[in-house]
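Visitor: Make the full structure from the sequences, and use the hints.
Listed below are the residues making up each chain.
Number of protein chains: 4
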Amino acid sequence: MSVDSDFRADLEALSRLAAFNIWLGIEITQACWGDVELQLRWRPEFAQYNGYLHASIVGGLIDTACGFAGTTVTKNLLASQFSIRCLRPAIAEVFVVKGKVVKPGSRQIFTSAELYGLGVPEKPFAVGEALLVPMD
Amino acid sequence: MSVDSDFRADLEALSRLAAFNIWLGIEITQACWGDVELQLRWRPEFAQYNGYLHASIVGGLIDTACGFAGTTVTKNLLASQFSIRCLRPAIAEVFVVKGKVVKPGSRQIFTSAELYGLGVPEKPFAVGEALLVPMD
Amino acid sequence: MSVDSDFRADLEALSRLAAFNIWLGIEITQACWGDVELQLRWRPEFAQYNGYLHASIVGGLIDTACGFAGTTVTKNLLASQFSIRCLRPAIAEVFVVKGKVVKPGSRQIFTSAELYGLGVPEKPFAVGEALLVPMD
Amino acid sequence: MSVDSDFRADLEALSRLAAFNIWLGIEITQACWGDVELQLRWRPEFAQYNGYLHASIVGGLIDTACGFAGTTVTKNLLASQFSIRCLRPAIAEVFVVKGKVVKPGSRQIFTSAELYGLGVPEKPFAVGEALLVPMD
Numbered sequence: 007m008s009v010d011s012d013f014r015a016d017l018e019a020l021s022r023l024a025a026f027n028i029w030l031g032i033e034i035t036q037a038c039w040g041d042v043e044l045q046l047r048w049r050p051e052f053a054q055y056n057g058y059l060h061a062s063i064v065g066g067l068i069d070t071a072c073g074f075a076g077t078t079v080t081k082n083l084l085a086s087q088f089s090i091r092c093l094r095p096a097i098a099e100v101f102v103v104k105g106k107v108v109k110p111g112s113r114q115i116f117t118s119a120e121l122y123g124l125g126v127p128e129k130p131f132a133v134g135e136a137l138l139v140p141m142d
Numbered sequence: 007m008s009v010d011s012d013f014r015a016d017l018e019a020l021s022r023l024a025a026f027n028i029w030l031g032i033e034i035t036q037a038c039w040g041d042v043e044l045q046l047r048w049r050p051e052f053a054q055y056n057g058y059l060h061a062s063i064v065g066g067l068i069d070t071a072c073g074f075a076g077t078t079v080t081k082n083l084l085a086s087q088f089s090i091r092c093l094r095p096a097i098a099e100v101f102v103v104k105g106k107v108v109k110p111g112s113r114q115i116f117t118s119a120e121l122y123g124l125g126v127p128e129k130p131f132a133v134g135e136a137l138l139v140p141m142d
Numbered sequence: 007m008s009v010d011s012d013f014r015a016d017l018e019a020l021s022r023l024a025a026f027n028i029w030l031g032i033e034i035t036q037a038c039w040g041d042v043e044l045q046l047r048w049r050p051e052f053a054q055y056n057g058y059l060h061a062s063i064v065g066g067l068i069d070t071a072c073g074f075a076g077t078t079v080t081k082n083l084l085a086s087q088f089s090i091r092c093l094r095p096a097i098a099e100v101f102v103v104k105g106k107v108v109k110p111g112s113r114q115i116f117t118s119a120e121l122y123g124l125g126v127p128e129k130p131f132a133v134g135e136a137l138l139v140p141m142d
Numbered sequence: 007m008s009v010d011s012d013f014r015a016d017l018e019a020l021s022r023l024a025a026f027n028i029w030l031g032i033e034i035t036q037a038c039w040g041d042v043e044l045q046l047r048w049r050p051e052f053a054q055y056n057g058y059l060h061a062s063i064v065g066g067l068i069d070t071a072c073g074f075a076g077t078t079v080t081k082n083l084l085a086s087q088f089s090i091r092c093l094r095p096a097i098a099e100v101f102v103v104k105g106k107v108v109k110p111g112s113r114q115i116f117t118s119a120e121l122y123g124l125g126v127p128e129k130p131f132a133v134g135e136a137l138l139v140p141m142d
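These protein sequence lines are chains A, B, C and D, in that order.
First residue of the first sequence: 7, per our numbering; consecutive thereafter.
First residue of the second sequence: 7, per our numbering; consecutive thereafter.
First residue of the third sequence: 7, per our numbering; consecutive thereafter.
First residue of the fourth sequence: 7, per our numbering; consecutive thereafter.
Just so you know, not all the hints are guaranteed correct.
A pair holds if it fits inside one copy or across any two, identical chains being indistinguishable in the list.
What the hints assert, rightly or not - Okay, derived cross-link-like pairs now, DSS-like style, lysine-lysine, Cα gap no bigger than 25 angstroms in a straight line:
| no. | residue 1 | residue 2 |
| --- | --- | --- |
| 1 | 81 | 106 |
| 2 | 129 | 104 |
| 3 | 129 | 106 |
If you're looking for bench data, these hints aren't it; they were derived computationally from the structure.
Guide: Structure below.
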C-alpha cells in the first residue's frame, strides 16, 4: 500500500469521527505529506438564500482541507483562526478543495486552501487560510 | 407591530430561502437596525471529530449573524471575506450568536459577531468579522 | 509606584529597544494587565499618497498595541498573524490606539486593538487583531 | 518604451506622493498588469525590539505591493482590509515583496503578496492579502 493510501486511510478514519463530515459526504481524493484534496457532490440542502453553496460549507471545506493537510504533518490539531475570501459565487456539481501546509512548526502550522469546481481550478470560488495549533 | 418584529419577519423570510439554514434550525431571537441575535440548539450531527461544534457551523453562524445584521441596513449583500478566531472549544446546549454592523457604507459594510453558550456571553467560543458588499 | 507605572516602565524599556518605535515616537499613555493605550503625534513623513496615515503605520500601531497588551500578560511574544480593517481615512493631530487581551493562554494570546483620533473613540479609523505566540 | 516601463513610471510617480514610501526607500523593480515587485534595502531604523524587520514595515510592504498590483488594474484604490501571516523572522540585506491581483472587479479587487529575502523566494518571511476598493 502506498504512503498516499496510508495518509488517506488515517484521514478517512478521522473524518468518520466527525458527524458533520458524514452528513456533508466529504470524500478524500488525495493525501500526501502536507497536501490533501477533498471533493463534495452538490446537494440542494447546501444552499444559501440565492442557491449558491452556503458560506458555512465554503468555510467548512476550506477549514477542513487546511486541518487535514496539517494532520498529515502533526496529529491532534485545532484551528485557532481561519479566514475565507469569497471570490465568486460557488456553484458546481462537484466541489474540489485543495489544502496544503504553508509552514509546519511545533507550536503552530500555517495552512491554506482553495475551493473550485471539478475541472476548473483556474477559477477558484474561495481561498483561505487556517492557523492550526496542537491540542493540549 | 414593532419595528423589531418587522426586521425579524424580513430576516425569517430570507432565512427560509436558505435550505442550509432550515437544516441547521437557526432561530432569529432579536433584530433591530444593525444588530441581530440568533440561536441554535445543539444536535449531534453538528459535531467535529472530538465532539465540539464543527468549524463549518461556528463559521457559518458568525457569517450568518454578520450577514443578517448587514441586511437590516442594506438589502442583497454577499460576504466578500470573513475571518473567525476560535477562542475556546464550542460546547453548549444552545448557541447564541450576536452580529452587529461596525460601519455601514454604500459600497461595503463592516460587521462583526460573537458566538457563545446561552447565558455565558462573557466566555465567547469564537469571534469574527465579515465584509459585506451589495450584489450586482 | 503604582502597578500601572510598573507595566508602563517595562513597556517603555521594551519600546526603546525597537529602533522603529523610536523613529515613530510612540508614547505609552496607559498600561495595566491586558490593556494598553498608545499615542502618536502626526508628522508629515507618516503620509500615504493622499495624505492620510500610511497603512504601514495604521497596521504597525495596531500590531504594537496588541503586542504590548499581550506583553503585560506574557513576556517574549511574536505576532504570528495580524489583520487590519480600515474603516475610515486616518487623519488626526494625535492618534490613539487601545490594545487589549481578548483571551490569554500559554500557547497563544488573542488580542485586538482600535485606532482613533484623540477625543473621538466612537469613530475608529481602523480595528484589528493579532495572534501572539511565545518565542522559543 | 515597454508597457512594463509605463506601469513602473506610473507607480513611481504614485509612490513619490507618499512621504512614508520616500522615507522607507521602496524601489519598484518590476510592474506589469496585475503583478509588481518591490525591493527595500535594510536600514537599522527598521528594527523591532529584537532586531528583525518591524511588523509595521512587514505589513506595510505587503499592503503596498498589494495596492500597487491593484493600481495596475484600476486607479485610486484604498485597502479596506489587510491580513499578514508572519511565517519567519524577517532578516535580510535586501527585502523583496511580490504583489499580484488574485481577482479584479469593479467594486473590489482581491490581491495577495509575499515578502522574502533577495534570492530566497522559497522561504517567505510573511504572506498576506489586501482587499482594495475604488475611492469615491
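Visitor: Which earlier hints can't be squared with this structure?
Guide: Every hint satisfied by this model.
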